[in-house]
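Colleague: Just so you know, the protein sequences line up as chains B and D, in that order.
Just so you know, we're using full-length UniProt numbering here: the first sequence kicks off at 1 and counts up by one.
Just so you know, we're using full-length UniProt numbering here: the second sequence kicks off at 1 and counts up by one.
Derived from the structure by calculation, the hints contain no laboratory data.
Take these hints with a grain of salt, some might be off.
Below are the DMTMM-like pairs computed for lysine to aspartate or glutamate, each with C-alpha atoms no more than 20 Å apart in a straight line [as the list claims (entries may be wrong)]:
no., chain 1, residue 1, chain 2, residue 2
1, B, K98, D, D607
2, D, K502, D, E544
3, D, K619, D, D607
4, D, K385, B, E96
5, D, K502, D, E467
6, D, K304, D, D431
7, B, K101, D, D24
8, B, K109, B, E96
9, D, K578, D, E605
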Amino acid sequence: MGTIDVYPYPVPEEKSGQQVVDTIQKQLELLGAHKSGNFCVDCESYQSNIQTATQQRLLHLFHNSEQPATCFSVLDSGICLVSDLLFEVLVLKLTEKKTGKECYYQQRKGFKVESKGQRYELGDFIVKVGSVILASNFRGILIEVEYCPCVIPSECWNLMKEFMQSFMGNMAENPPAHIKSKMDTIYTPEDTIQQYLEHFNNFRKATSASVPATPNR
Amino acid sequence: MASASVNVSVEAVQEHKIQEVTLDGQEIYIPPLSMSENLAKLAHKIDFYKDESEDKGKPTSEGEKEAEEEASKAAVQPSLWPWDNIRNKLKAALTEMSVLLDVLNIAKEKRYMLLDHVSQDAPEAKSAIQLMAKKKGLQSAAGVLLAGAERLKKSQQEMGNRPQNEFHIELLKLRQNWRLKKVGKTILGDLSYKSAGSRFWQGGSFEVIKNTNIASGEGDTMASTRSSLEVVIPTELEGSAFVQVEVKTVEGSMNLTSAILRMPHGLGPYPSDAHWQTKLEAAQNVLFCKELFSQLAREAVQLKSFVPYIVVGNQIISNVFPNVQLSIVLCHSTGKKDKKSQHPGKVEHNHVLEHSLHQLLREVHFKSLNMSVPHPVTATIGVTKRRRMAGSEAIGRRELLEMTESETLLEQIIKQTRHAVLRLRTMKVIDAVASKYPDPQICAHWSCLNSSLESNVRVIITSQGYEAMRPTWQSMYLEIGVNDIKVVTRERRRIILSFEEKEIEDLILWQISQHHIAVCQSLARLLSWQYISHSSATGVGEMEDFATASSVLLVSPNSDKAIAVRSGPTTGLHVHMKSDAKDIDAELASILEAKWHNLTGTFKEVDLNRIDGRNFATKLELIMASVTRKR
C-alpha cells in the first residue's frame with residue numbers, strides 16, 4: 001500500500017470515452033507499463049428513513065478490488081468505517097422492511113456508481129484507468145496512480161507529479177483536495193475511498209444538473 | 001383494655017386503575033368512581049340473603065361472641081344500613097386485635113403474670129433393658145462390618161491368586177491406552193491417528209482376542225511371561241517400517257546426510273510373541289510412515305518443478321541441487337524377510353533432519369484438529385486470525401494472496417534438505433580452508449540459534465600473535481539460507497553466494513588476501529612507517545583466477561627504504577623491497593639534497609621462506625624492524 005492520487009480526466013466533446021481510454025492506455029504501454037488485470041471501485045448509496053429526523057442522511061458503501069476482503073462505508077460527515085465484507089449483510093438487514101415498521105435505510109435507485117477498467121504496473125507505480133459508469137451510463141474517466149514504496153504523500157508528491165505529467169499532461173498540477181489536507185500523515189486505504197467519493201459525488205451532481213427534469217427519488 | 005388507642009381509617013386508594021397498556025407503553029386509566037357510584041357498586045356486592053352467622057367459625061373470645069350476636073342482629077335487618085355488615089366485621093377484628101395485644105402485654109411484661117416451667121417427674125430408668133438393647137444393636141453392627149471385611153479379604157486373596165496377566169486385567173490396561181469398542185462378540189481397536197487429526201484413508205483397526213494357548217499351558221516359565229491377551233493386526237501393518245531420507249551426490253554414492261525416521265521405540269523386527277503393546281506401537285509406526293510417504297508421493301506427483309520429481313515404487317527422488325539428490329524411501333520389513341534394507345551400517349545420521357521429518361506430519365495433524373475459534377461464532381470455521389482481521393484492516397490484494405499460499409510437506413522437506421546441504425558444505429569448506437592455509441588463523445563461530453531453514457556463522461581471520469591488533473581482524477558474517485548464502489564483509493559489503501562450494505572458498509581466499517594488507521597497514525602504523533599508497537585492485541602483475549590482488553606501499557621512517565606488498569587470492573603474497581640506489585653518484589651536482597636519492601632504486605623480491613617467523617605478520621615485522629635505520 002503506497003500513496004494514491006485519483007484524478008478525473010476530461011473527455012472532449014468530439015471523442016467517445018472509450019477512445020480517450022484507449023489513448024491513455026496506449027500511452028501507458030508506450031511508457032513500458034504492463035497489464036495486470038482489471039480493477040473495480042463501486043459505490044452504492046443508502047439514505048436514512050427515519051421520519052422524525054429533519055434531514056435525510058446518506059450512507060455510501062464502497063468496494064475496492066484492491067482490498068477484496070474489505071467494505072468501506074462513508075457517512076455524510078466524512079466518517080469512514082472500514083469493515084469486513086460481512087457488514088453488507090448488516091446493511092441488507094437494515095434495508096429490509098419488517099411488519100408494521102419502515103426500514104431504517106433505503107437504497108437509492110439509479111445511484112450506483114462504479115469505476116472500472118485496466119490495471120497497469122510500471123515499476124513501483126500502479127496506474128488504473130477507470131471509466132465511471134453511473135446507472136449503466138458512461139460518465140467520465142478517473143485515473144488512479146499509486147506509488148507503492150511511500151506512504152507519506154508529501155514525500156513522494158513531486159515524483160508522482162512528474163510521472164503523472166508524462167501521460168496525463170497538466171491534469172495533475174496540484175495534489176487532490178483530500179490529500180492536500182493530510183500531506184504529512186500516513187496514507188491509508190480510507191483516503192482512496194474518500195477521493196473516489198468526492199469524484200463520484202461530482203459526477204452525480206453533474207448528472208442531476210444536466211437532467212433536472214428527473215430528480216432521483 | 002387498650003382498644004381506644006387504635007385508629008382505623010377506611011379510605012379508597014388514591015391510585016387509578018389501569019385498564020390497558022398500549023404497545024407504545026401508554027397506559028389507559030379507568031376514571032375513579034364518584035361517591036354515589038361507588039356506593040351502588042358496593043351495595044351490589046352484598047348478598048342480602050346469606051346468613052352471616054353460619055359462616056363464623058368457633059368463637060375465640062367473649063368479645064367475638066358479642067360481635068357475632070350483633071352481626072346476626074344486623075343480618076336480620078340488612079336493608080337498614082348497607083355498611084352494617086362491614087362495620088361488624090371490623091369491630092370483631094378490632095376486638096380480637098385488642099385481646100391479642102393484651103395477651104402479648106401480659107406475657108411480655110412480667111408485672112402482670114409470671115410464666116414458670118412445669119416440672120415433670122422423670123420416667124423410671126429401666127437400665128437393664130436399655131443395656132440389652134444397646135448390646136444387641138452393637139452386635140448386629142459388628143456382624144455387618146465383619147462380613148464386609150471378610151468379603152474384602154476374600155476378593156483381595158482372589159486378586160493375589162489370580163495370574164498377573166489375566167485377560168480382563170490385560171484388557172483394562174489395553175483400554176487405558178488404546179481406543180477399543182465392542183462389536184458383537186469381538187472387541188475391535190483402532191490404532192490409527194484419526195483421532196489426532198490424520199485424514200489418511202487407511203484404517204488401523206485391530207482385533208483383541210483371548211489367548212487360549214496358555215490356559216492349557218505346560219506351566220513353563222515361557223508361558224507365564226506371555227500375555228493372555230493377543231492383538232490381531234492387519235497384515236499390511238505388520239512388521240516395522242521407517243522412512244529413510246537420503247541426500248546423495250549423483251555421481252558418487254557418498255552420502256552427505258542421511259536421516260532415518262522412526263518412532264521413539266523399537267525399530268527392527270519384533271518376535272511374533274511380543275507383548276501387545278510393542279506390537280501395537282510398531283503397527284502404529286508402520287501406519288504413520290505409510291501416511292507420510294503417501295502424502296509425499298501425492299505431492300511429488302502434483303507439484304510442478306523444473307526437474308520433475310520421480311516417484312518409483314516406494315521411492316521419491318527429487319533434485320535438491322545440481323548433482324545432489326534427495327531420495328525418500330519407505331522401508332517396510334514384515335519381520336520375516338532379510339534385514340538388508342535397513343542399512344545397519346549407517347549409524348551417523350542427522351538428528352536435526354530426523355526430528356524435523358517427525359514434526360512435519362504431526363504439524364499437519366495438529367493443524368487439522370486445532371483451528372482458531374471463529375469470531376463471531378456464526379463465521380466460517382478455520383479462518384486464521386490474520387484473515388479475520390483482513391477486512392477491517394483493509395489488507396491489500398497481494399497480502400491476501402500470500403495468505404492463501406501454503407507449503408506442502410515435500411517442499412518443506414526439500415527446503416530443509418537444501419539448507420542442511422548448504423550448511424554442511426559451508427562447514428566443510430571453512431574447515432578445509434582453515435586447515436589448508438595455516439598462516440592466518442580462520443575461526444568459525446557458529447550461532448547456536450539456528451532454525452531448520454537458516455543458520456549463521458561468523459568467520460574471523462586473524463594472525464597468530466597479533467590478535468590484539470583489532471584492525472587486522474578480517475571478519476565476515478555468513479547467513480546460510482535455503483538457496484543461497486548471504487555474506488556481509490567487514491566493510492559492510494553485501495555479497496550473495498550461490499550453493500557452489502567454490503564461491504565460499506574464493507571468498508575466504510580473497511578475505512585472506514585482504515587480511516594480509518590489513519596486517520601491513522597496522523604494522524606500518526605501529527612501527528611509524530609511512531603508508532604511501534594502497535590499491536585494492538591492482539591492474540598490473542599476474543592475473544588472478546578470480547577477484548583482484550591488492551597492494552600496499554610502505555616507506556620507512558627515514559624514507560630510505562620502501563616495501564611493496566602485493567597480495568592476491570591465488571597468486572599469493574609477494575613482498576618487494578627497494579634497495580639503495582647505489583648506482584647513482586652521491587656527488588652528482590644535480591642532486592641538491594640527500595632525500596632525492598630515495599626517488600630511484602629498484603625493487604627486489606624478498607624470499608619470505610628464508611625469513612624467520614611463524615607467519616606473515618611476524619616476518620613482515622622482522623623485515624621492517626631490521627631495515628629501519630636509526631636517525
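Colleague: None of the hints should be skipped; say for each whether it holds.
Modeller: Hint check:
1. K98(B) / D607(D): violated, 103 Å
2. K502(D) / E544(D): Answer holds: K502(D) to E544(D) is near 15 Å, not above 20 Å.
3. K619(D) / D607(D): holds, 10 Å
4. K385(D) / E96(B): violated, 31 Å
5. K502(D) / E467(D): violated, 28 Å
6. K304(D) / D431(D): violated, 37 Å
7. K101(B) / D24(D): Holds. K101(B) to D24(D) sits at ~13 Å (cutoff 20 Å).
8. K109(B) / E96(B): holds, 15 Å
9. K578(D) / E605(D): Distance ~9 Å between K578(D) and E605(D) Cα, so the pair holds.
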